[in-house]
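Visitor: Single-letter residue listing:
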Amino acid sequence: VPLTAPRLLALGLALLLPSAATAQRAPDHGAIVILLGQEPTTPVPTLLGAKANGDVSDLLFLRLARPGGGLVTTDEKSFEPQLARSWKRRDSLTIAFELDPRAKWHDGSPVTARDVLFSFARMRDSLIDPARALLLRHLASVTAEGDRRVVLRFRRAYPEQFYDATWHVQLLPAHLVDTIPPERFAASAFVRAPVGSGPYRWVRRDPGQKLELAANPDFFLGAPKLDRVVFLVVRDPEAALNLLLDGSADAYEAVPPGSGPPRLAANPALRILTAPSFGVVYLLFNQRASGDRTRPHPILGDAGVRRALSMAIDRTTLMRSAYGPYGLATSAPVAQAHWTHRLVPKGPSYDPGAARALLQRLGWSDHDGDGVLDKDGAPLALRLNVPTTSAPRVTMATQVQEQLRRIGVRLELVRLDGPVWFQRRQRGEFDLDFSAAVMDPSPSGIVQSWSCAGRAGSNYAQYCDPAVDASLEKAIFDPRGGERDWRAAYAALQQDAPAAFIASPPTLFALQRRYRNVNLRPESLYSDLWRWSVDPARRLPRDR
Amino acid sequence: VSRWLLRRSLQAVATFAIAMLLLFVLLRVTPGDPLSRLTGERAVSERELAQLRTRFGLNQPLGAQLRAFLGGVTRGDLGVSIEHYPEPVTRLIAARLPATLLLGGTVLLLNFTLGAWLGVRQAVRRGSRFDRWLTRLALAAYATPSFWLGLVLVAFVSIRWHLLPAAQLNDPLLSPDAGPVARGLDVLRHLVLPVVTLSLTSIALPMRHQRAAMLASFRLDFVTAARARGLPERRVRWRHAWRTTLVPMLTLLGLWLPILVSGSVFVESVFNWPGLGSLAAEAIAARDYPVLLGTAMLVSFVVVLAGLLADLGYALLDPRVRPA
Chain R
1 VPLTAPRLLA LGLALLLPSA ATAQRAPDHG AIVILLGQEP TTPVPTLLGA KANGDVSDLL
61 FLRLARPGGG LVTTDEKSFE PQLARSWKRR DSLTIAFELD PRAKWHDGSP VTARDVLFSF
121 ARMRDSLIDP ARALLLRHLA SVTAEGDRRV VLRFRRAYPE QFYDATWHVQ LLPAHLVDTI
181 PPERFAASAF VRAPVGSGPY RWVRRDPGQK LELAANPDFF LGAPKLDRVV FLVVRDPEAA
241 LNLLLDGSAD AYEAVPPGSG PPRLAANPAL RILTAPSFGV VYLLFNQRAS GDRTRPHPIL
301 GDAGVRRALS MAIDRTTLMR SAYGPYGLAT SAPVAQAHWT HRLVPKGPSY DPGAARALLQ
361 RLGWSDHDGD GVLDKDGAPL ALRLNVPTTS APRVTMATQV QEQLRRIGVR LELVRLDGPV
421 WFQRRQRGEF DLDFSAAVMD PSPSGIVQSW SCAGRAGSNY AQYCDPAVDA SLEKAIFDPR
481 GGERDWRAAY AALQQDAPAA FIASPPTLFA LQRRYRNVNL RPESLYSDLW RWSVDPARRL
541 PRDR
Chain W
545 VSRWLLRRSL QAVATFAIAM LLLFVLLRVT PGDPLSRLTG ERAVSERELA QLRTRFGLNQ
605 PLGAQLRAFL GGVTRGDLGV SIEHYPEPVT RLIAARLPAT LLLGGTVLLL NFTLGAWLGV
665 RQAVRRGSRF DRWLTRLALA AYATPSFWLG LVLVAFVSIR WHLLPAAQLN DPLLSPDAGP
725 VARGLDVLRH LVLPVVTLSL TSIALPMRHQ RAAMLASFRL DFVTAARARG LPERRVRWRH
785 AWRTTLVPML TLLGLWLPIL VSGSVFVESV FNWPGLGSLA AEAIAARDYP VLLGTAMLVS
845 FVVVLAGLLA DLGYALLDPR VRPA
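Chains as they are written, first to last, in this note's numbering: chain R, 1 to 544; chain W, 545 to 868.
If you're looking for bench data, these hints aren't it; they were derived computationally from the structure.
Glycine included, each C-beta is placed from N, C-alpha and C at the ideal position.
Check each hint, because a few of them may be wrong.
Not the full set, but computed from the structure, chain W residues with beta-carbon under 7 Å of chain R [as the list claims (entries may be wrong)]:
1) Ser-589
2) Glu-592
3) Ala-639
4) Pro-716
Whenever a hint applies, use it, and build me the whole structure from the sequences.
Guide: Right, dumping it as structure tokens:
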């Protein structure tokens, strides 16, 4: 066929036109394209791990109940029903859950007590999911009373029993999974096309590109109004912002705090929402000599030096430079979204003069006049490991270096790419480490990193103080424990300064304005996605 | 000829094997923990990490890992990705290869047809205003970083004028019922900007090569003789002069062929193009050894194959280099 001018024009027009629209939908129904910086490869309980898996898994699989809006993990009355219609406490160790008879798996089978027993058994098996098994260690037994009632019995009474009973376990369909040996589960057909009980059902995944879900019209809590949900994997934040700006995508949860907001402000169809997060950023002080865990750290082994370094850091300046107006300072290992955040005592304030005076009292002075403090001939020189994968931490590291220089500390920045930084932190090869942690909704998670028992796990600095352990034990496990105990535990940590806690940055979330009823939950951003709808006046052709 | 072919093929296999062995060893001695991306910022216990290392065979001695890798290769099994677990490497490569071939193939085709044609035109009109301006423009484009040009094109064509999509291989919400024509047009719309970006920044090379080769061939005696015999200029140009430029152009093509599969990391990143270049770059960043080895194997294979094919091509085109 000869390429005449009209034909070329027609082909050009066809290329410029957007793709054909699909079947008509109800006026407030629509679709959404969500950009993820990480790929959800196995969004199935027991195989989670990366956050992206959890984001998708929360739309496919439900728990017995979930924390209420305030995320108070000790208040079982505030929890909202999911697969359990109701629950009853029989005594201080036993809780009975009634399953919702309307709840069904996506293949139409009812959710039964057998599913609950099976799922708890899988999650409590330390060979399958060691992290979760540890979190469920206080659970003694899970038994069924008929098809619709399950009874959970604990070994000890403690305030977060109900949270442990509900949060850590998303239910799996026993009738589809119990024949799959755990060691073959990850590579099974079920993981390639999971069947859940949540508001969305699985459509497909193109590895490295996208994952698509469709509304479950039979969802027992109400049919979702966003009929198609596409998670698009976009590693480059600039490409993600471009996709939002040209209207190809609708939502992005990892807006870079520096360049993102001003760029997105140029498009009036977009808005930026913030949601408190469970993340904390801190400078971790190694308690043991770098690379040799048998010896105490020659400088940071002294709590006084750690306190002085913490006092010399101007958190307000750091946050403004890294997070703009969005950062929130913190002086304890607790995030903005934790219900105990309001209980953190006001820590030592920024006071470089007091920091230098404290160091002098500890014997650190500038004897040779080189601007660096020294003691017994050894300079106060330290190395800070910074992961180059985190732009905010790279930005803040330079300022930390300058702030510590002002009190006579020589800080060498060691910028490392992600895998090397991770390896050195695991091996304890650092003086200071610019760390970040994303925690569970429970504040009790801090024992993993800040207790003597945590030294076998994620307590990379080998911090151990029996007094702090005792405070945490009382706050977490005493049935009469309360706000006063949490305050005491945080104060003990501030006094010991195992790290300089800096910020709890929120999630910066960009969203097209056409979505209504938007509620971003800190513990699971998209768990209320099924309640979102589209403003009929702002619908796009692709919503129809 | 068959002995030459056998010797050349054996050389190619040996080169490929040495490259793979070196890659395997270098990757394992490079610092960095491949489990870093799996765990993210989550607190991870030593026990959990040990379990993950066992799953991926990372707890085995280097020799055992090499044996397992070679054993897998002989069965066509390149292992399982660490970052994309439980996805097999072969499946990941197969999923990314079409996008890379489409982008690389289109650019290669455009550069070696349009670029060669423009090079010939420049040689024919040597010293003219057309020749001078095209040289300046081509060199300016060649000196432009591809990722920068890509960002500029996106800023204007996609975001300001809304003419073409900013990224992706296709519309993520394209109806599953869309027919092949709609799908094809959709891919074409998404292909335009990455192709223009890559072509603009690389077309100068074949163009300049073609121009130089053409000018050299115009000076050859048999071309002068053809003109003296009164042959039409078009015939002299294409049947006589241009044919002699095929050998140097074939050399260039041989060097360029691996781009077909290696992709362009920067352009794939700017346009979120799901190709092998970005897969390899992610694998490097995550120390995903199996994926990295898989992609490197493919690229090495194509490099070696391209060299072999180029040698065969010379022999076919030029009787002087044919083995006796």
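Visitor: Determine for every hint whether it applies to the structure shown.
Guide: Tested hints:
1. Ser-589: 4 Å, holds
2. Glu-592: 5 Å, holds
3. Ala-639: 5 Å, holds
4. Pro-716: 5 Å, holds
Going through the hint list in order, the structure satisfies each hint without exception.
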